[in-house]
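Colleague: Here is what each chain is made of, one letter per residue.
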Amino acid sequence: MKHLLISRIESLYHTMLRIRRVEEAIAGHYPMQEMRCPVHLSIGQEAVAAGVCAALRQQDGVFSNHRAHAHYLAKGGSLTAMLAEIYGKAEGCCKGIGGSMHMIDLAAGFLGAVPIVGATVPLAVGAAWAAKLRGEDKVITVFFGDGTFEEGAVYESINFAVLHRLPVLFVCENNLYACYTRLSTRQPDRPIHTVATACGCKAVTADGNDALAVFDAASSAVADLRAGGYPVFLECSTYRWREHCGPNMDDDLDYRPKTEVAAWKAACPVSRLAKILGTLDEGQNFMAHAEREISAEINTAFAGALAGGIPQQTDLPGYLYA
Amino acid sequence: MPETIRKITQAEAIREALEQAMTEDERVILIGEGVPDPKGVFGTTSGLQERFGMARVFDMPLAENGMTGICIGAAISGMRPVMVHQRIDFALLCMDQLVNNAAKWHYMFAGQASVPLVVRVIVGRGWGQGPQHAQSLQAMFAHVPGLKVVMPSSGYDAKGMLLAAIRDDNPVIFIEHRWLHGIIDEVPTMPYTVQLDKAAIRRHGKDATIAAFSFMVVEALLAAKALADLGIDLEVIDARAVRPLDMTTIIESVTRTGTLIVADTSWKTGGIAGEVVAGVTETAFNSLRRPPLRVALPDIPAPTSPHLTKDYYPDALHLARAIVNHLGATIPDAELVSRLSRSTPHDIPQREFCGPF
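Residue numbers (my numbering), protein chains in the order written: chain A, 1 to 322; chain B, 323 to 679.
None of these hints come from the bench; they were simulated from the model. Heads up, some of the hints might be wrong.
Claimed, not checked - Sample of chain A residues facing chain B (criterion: CB under 10 Å; computed from the structure):
| hint | residue |
| --- | --- |
| 1 | Gly92 |
| 2 | Ala124 |
| 3 | Gly126 |
| 4 | Trp129 |
| 5 | Leu133 |
| 6 | Glu136 |
| 7 | Pro317 |
Every residue gets a Cβ at the ideal spot worked out from N, C-alpha and C, and that includes glycine.
Can you build the whole structure from these sequences, using the hints too?
Modeller: What follows is the structure in structure tokens.
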């Protein structure tokens with residue numbers, strides 16, 4: 001049992017560290033002006049992606065939003081294809097048409113991410129509807145932020161998902177801000193998940209900076225869904241460290257209290273598991289090895305992405321219609 | 323089995339297309355507000371839930387945008403949804419999902435997934451439909467690359483193009499006209515398709531080309547028949563598709579007639595009629611013997627009272643007058659009035675054209 005837990009912690013740690021280091025590498029390369037698209041980095045929010053995706057199977061589908069890197073990587077999306085996409089290369093996951101805000105890796109079950117807020121929530125419900133109609137053993141997860149919970153399409157989607165008892169896991173990453181606008185400016189003072197409960201979902205919460213807690217909540221939700229239960233709404237509290245869009249810190253803008261930023265950084269999801277692993281010899285070895293392995297993988301992936309081909313403008317009309 | 327052709331209404335032809343599409347492909351599902359209700363969307367969906375069951379024919383919550391996204395999600399996951407809106411005006415609520423997702427999913431993911439979705443929308447006219455129940459919004463949809471937009475006029479085309487739309491792997495906006503639903507046409511019993519990108523010449527003529535959309539094909543045919551008696555020989559083209567527009571057929575016609583008149587069911591400004599005019603003037607300017615003419619709705623929303631709609635929708639008489647004036651023909655107005663006065667009030671479909679096309 002203990003061994004199983006350690007191996008789970010190691011796996012979640014590895015997923016989160018990999019996301020963290022990839023995002024840091026993107027931030028490091030970004031000033032070179034070769035990634036010519038907006039990037040919304042997931043640093044600080046790794047535990048939600050890692051915990052939820054660890055509860056899913058390969059054939060389960062995931063949809064995401066503008067801040068998709070963590071979800072894509074946690075679900076098993078190709079790192080090289082993601083970086084090539086951000087670099088606008090022919091080998092990118094959208095052959096350069098999408099950029100950072102349009103991730104997809106169908107082989108990994110990552111069904112698509114787009115930046116229109118709330119746009120993929122109904123798609124996830126539709127994919128779950130199709131799975132149910134086709135008798136497929138599949139759970140569909142959609143990640144979205146607290147801001148998305150203000151979009152009408154979300155309520156419309158939840159209503160239909162509950163009505164038809166569809167296998168959907170709604171994961172709300174509540175990071176308290178929509179760009180620079182605080183949650184309290186946008187929503188009344190009540191927990192988001194209580195609204196989902198009122199809509200008929202089974203709603204649960206998890207500390208979004210605790211990958212193990214997220215994994216436990218997601219596992220239980222997914223088990224419910226596989227057993228034909230009602231849609232589950234999982235609200236995870238977490239925090240974005242860097243600017244809404246771009247590679248930098250933006251604390252100089254003073255839109256978030258300094259004490260708040262400091263408290264959330266102190267609750268770093270990667271360090272949280274590192275502390276546990278650090279108490280064990282095998283854990284220390286694991287972390288040192290993970291750091292080396294991930295660093296090598298990232299170097300290779302960046303080199304591969306940068307060496308990628310130039311997509312051709314003349315190919316574009318061919319993608320317009322199937 | 324020998325092919326049987328019989329005369330049925332367009333509403334019946336649409337219902338038959340849906341029934342045959344659902345028979346031939348179990349991935350086809352049908353959803354919309356009122357689809358299984360006693361009125362069955364003007365009879366176009368009647369009996370389908372009884373035939374195919376509640377797992378394939380659905381009523382839906384009043385949630386147009388979310389439901390469109392849900393249908394897109396199902397479409398990219400192996401289903402072929404047909405969505406129905408009883409009025410095109412309600413489809414405005416779906417514009418986010420149609421424009422941002424349906425139109426772009428295949429393109430923005432470089433062809434890795436497609437959206438085989440048909441959205442049936444119905445345009446109204448008359449009987450007090452008013453500002454929010456009678457808009458003709460084809461140009462808004464046609465503006466968007468990635469969507470296909472069609473407006474069949476005949477029952478034959480309605481069935482064949484609906485079957486083609488359902489078999490197509492792309493999102494198709496299928497625009498019906500409420501006044502066409504009751505018109506009879508000769509429709510084969512067997513399934514068949516009509517391509518989604520080809521105009522049809524409904525009447526051959528040498529003096530002017532009228533490119534007409536949807537119900538304006540009926541008005542144009544009536545006007546052409548009356549003007550033929552008076553020495554004006556019109557060619558009537560049924561555009562059928564709005565995106566892609568079949569400019570080849572229109573331009574070929576204009577190079578023979580030298581005159582282009584476009585009859586649209588919608589407003590003039592920013593409308594599809596202007597797009598037809600632009601296409602002809604860009605590529606066949608030297609064929610034109612006179613400036614092109616657009617016959618379209620005035621740039622104001624539809625009013626409701628019959629006292630206010632009398633001259634709002636151009637009918638065959640309005641169209642004939644505009645053509646006579648544009649061609650500089652000396653035909654007394656009384657001749658047009660005597661031939662084109664309607665035997666029915668202006669706000670219900672005219673008896674003068676009941677089909678077939």
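Colleague: Are the hints correct? Go through all of them and say.
Modeller: Verification of the supplied hints:
The beta carbon of Gly92(A) comes within 8 Å of a beta carbon in chain B, closer than 10 Å, and the hint placing it at the interface holds. Taking 10 Å as the C-beta cut-off, the interface hint given for Ala124(A) holds, the closest approach to chain B being about 6 Å. Residue-level restraint check for Gly126(A) holds (minimum Cβ-Cβ distance to chain B is 2 Å; threshold 10 Å). The interface hint given for Trp129(A) holds, since its Cβ lies 5 Å from the closest Cβ of chain B, which is under the 10 Å cut-off.
Interface restraint check: Leu133(A) against chain B, minimum CB-CB distance 6 Å, threshold 10 Å, status holds. Annotation: Glu136(A) was flagged as interfacial toward chain B, and the flag holds, the nearest CB pair being 9 Å apart, inside 10 Å. Hint status for Pro317(A) relative to chain B: holds, with the closest Cβ pair at about 9 Å, below 10 Å.
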